[in-house]
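Number of protein chains: 2
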Amino acid sequence: MRIILCGFGVVGQSLVKLFESRAEDLYAKYGLKPRVVGVFDSKGSAVNPSGLELNKLIEVKKKFGTVKNYADTKNTMSGIEMLKNVEADVLIETTASNYKDAEPGMTHIITAMKKGMHVISVNKGPLALAFPSLMELATYNQVMFKFSGTVGGGTPILDYAKNSLSGERITSFAGILNGTTNYILTNMATGTSYEEALKDAQDKGYVEADESLDLDGLDAAAKLVILANWIMGMKVTMPDINCTGIRKVTTEDIKKAAKNNCAVKLIASCNKELIVAPKEIPNDDPLCVNGTLNAIAFTSEHSGTQTIIGRGAGGMETASSILRDLLDIRQEIART
Amino acid sequence: MRIILCGFGVVGQSLVKLFESRAEDLYAKYGLKPRVVGVFDSKGSAVNPSGLELNKLIEVKKKFGTVKNYADTKNTMSGIEMLKNVEADVLIETTASNYKDAEPGMTHIITAMKKGMHVISVNKGPLALAFPSLMELATYNQVMFKFSGTVGGGTPILDYAKNSLSGERITSFAGILNGTTNYILTNMATGTSYEEALKDAQDKGYVEADESLDLDGLDAAAKLVILANWIMGMKVTMPDINCTGIRKVTTEDIKKAAKNNCAVKLIASCNKELIVAPKEIPNDDPLCVNGTLNAIAFTSEHSGTQTIIGRGAGGMETASSILRDLLDIRQEIART
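In order, the protein sequence lines correspond to chains V and R. Residues 12 to 347 in this note's numbering are what the first sequence spells out, letter by letter. Residues 12 to 347 in this note's numbering are what the second sequence spells out, letter by letter.
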């Protein structure tokens with residue numbers, strides 16, 4: 012399977028390492044032979060239609076901060092040019108999410124779909140701003156569009172709700188979908204001030220470069236858009252979410268909650284309305300998880316409420332979700 | 012799809028109600044038209060090759076305590092005779108679990124498979140005593156064998172581990188797999204004695220007729236056998252489980268645990284060894300759920316630990332899992 016990889020940060024590098032370390036197993040068990048024919052980062056590209064050397068890619072990136080130096084003739088081809096000119100079967104889109112115009116990811120995805128390539132995106136931007144139209148574009152071009160890694164990182168929340176609960180009607184759901192804000196709120200529950208807790212989370216590298224994505228609830232809102240579209244069949248985008256972040260949560264709010272045996276959590280919920288906002292959750296509710304954990308509770312018609320808890324996104328977890336999507340595509344192709 | 016239903020207790024009746032209430036939806040959405048051609052309970056049978064009237068079945072059962080009176084000529088055909096003489100596509104086995112000889116469920120399942128029928132079992136007995144050989148028998152006879160409802164009731168734990176985590180290697184797991192003992196232990200944590208907590212659980216109808224299944228950990232052990240075979244590919248049966256129940260747990264043990272910010276839970280675990288035993292679990296571990304809840308934590312190579320929490324078995328939850336299995340079989344048949 013010929014792959015173009017857009018973005019070569021932590022996730023992209025983890026994925027390439029996974030390809031290396033599991034090569035034999037992937038081929039023996041699933042018949043999957045991933046061949047990375049192009050990699051693009053913000054400074055340039057590396058291309059080889061017969062497949063790039065994965066170890067060399069990582070070394071070059073480490074040494075020069077870009078894959079551009081992979082070949083002696085430094086390759087400055089952009090992601091879009093690569094997608095137009097290099098033949099491949101799958102685009103794996105891992106550039107950073109933004110919720111203004113979702114670029115460059117949006118153009119990468121559209122270009123790839125129009126060329127008939129399947130797309131795996133862990134970039135939430137394009138989905139948050141244009142989920143319904145991207146799904147239509149994928150259908151129109153008869154390509155598969157997968158995005159397991161956008162919600163829950165390594166925890167297969169989307170797949171669980173869609174497949175494991177097939178035959179069930181999910182009537183509502185609520186979740187802690189952003190680990191960073193959960194980490195801050197958990198720390199505040201021990202008496203730490205908002206500012207100190209934020210500083211600590213920043214020091215640990217948990218906060219996005221654009222801190223607004225975490226603190227104003229945009230990351231959680233983007234995930235809510237994806238869940239609402241995928242699981243509930245709603246056709247919504249970011250502006251449909253009623254979104255409040257955690258900047259105004261005070262230690263007083265948290266103390267008040269504690270008196271009611273509750274904790275304040277940033278909850279993304281879908282129950283008629285789509286809301287992201289801080290909310291008191293009883294301590295003995297399975298949803299009430301601490302630290303950087305994510306959790307989501309699905310309520311279904313006949314099976315009651317089911318909660319899934321797992322680590323949010325980390326490089327290896329997200330890479331592992333991309334691999335799951337690739338295996339799905341591989342299987343689907345084999346079937347048709 | 013022609014169905015024979017062995018056992019017509021809470022689960023069987025819930026299933027039939029589900030068929031009734033979702034008839035249109037099941038046909039429109041999944042192309043599934045369940046036709047119940049035979050029902051067997053401990054006192055007799057009801058048979059009609061063109062399909063039994065589902066409402067009437069429930070009325071008769073309610074009035075006479077058996078489906079035998081469905082037709083004027085009371086039908087005393089046994090489950091095995093029915094399986095031998097009535098043509099059907101799927102056996103749904105819901106008779107009570109026992110871990111001595113697993114009868115009559117074991118013979119029902121074997122008879123059906125040998126006749127080329129697909130089998131859905133929510134009866135854990137045959138699986139606990141003979142999982143590896145039943146899987147072989149199913150393969151040999153080219154029939155599907157499904158048992159989603161045996162672990163986690165309405166919570167699709169088996170499917171989650173097998174499908175949602177495909178491409179991942181699960182390295183170990185641990186869970187609270189029996190809601191009754193969890194209810195008793197949770198009550199004991201508030202100072203109630205073992206005897207009082209047991210009495211309360213019995214009054215609420217949570218305890219099996221044979222209380223040993225809950226209290227001595229047999230139910231949890233049976234589920235552990237199923238998980239170990241299905242998810243880890245081990246070929247084990249009940250005697251391979253090192254099993255201790257909760258009869259010897261004292262309020263002192265529980266107080267001691269509380270001092271360490273822990274709670275005592277009956278944990279079924281698979282980590283090289285297969286063990287069911289009371290164990291101290293930290294209060295802030297997602298696995299540490301209360302009341303009748305079930306929980307299971309899977310640890311995988313690249314996605315960390317993921318915990319699923321849900322209600323254990325209830326009639327409607329288990330019926331809903333049977334429906335999921337039926338839809339799977341329907342889809343699989345359509346595909347080939």
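Bear in mind the hints are in silico, worked out from the structure with no lab data behind them. One thing to keep in mind: the hints can contain errors.
You can't tell identical chains apart in this list, so a pair holds if it fits in one copy or across any two.
Stated by the list, open to error - No farther apart than 25 Å at their CA atoms in a straight line, the calculated lysine-lysine pairs in the DSS-like style are these:
1. Lys173 <-> Lys210
2. Lys44 <-> Lys173
3. Lys246 <-> Lys85
4. Lys173 <-> Lys67
5. Lys95 <-> Lys210
6. Lys266 <-> Lys67
7. Lys40 <-> Lys246
8. Lys290 <-> Lys210
All figures in this text were calculated on a predicted structure; none of them were measured in a lab.
Now for the hints, and whether the structure bears them out:
no. : hint              : verdict
1   : Lys173 <-> Lys210 : neither (38 Å within a copy, 40 Å between copies)
2   : Lys44 <-> Lys173  : between (27 Å within a copy, 22 Å between copies)
3   : Lys246 <-> Lys85  : neither (43 Å within a copy, 55 Å between copies)
4   : Lys173 <-> Lys67  : neither (38 Å within a copy, 34 Å between copies)
5   : Lys95 <-> Lys210  : neither (43 Å within a copy, 71 Å between copies)
6   : Lys266 <-> Lys67  : neither (53 Å within a copy, 57 Å between copies)
7   : Lys40 <-> Lys246  : between (37 Å within a copy, 20 Å between copies)
8   : Lys290 <-> Lys210 : within (23 Å within a copy, 37 Å between copies)
Taken one by one, the earlier hints fail for this structure at numbers 1, 3, 4, 5, 6, listed in ascending order.
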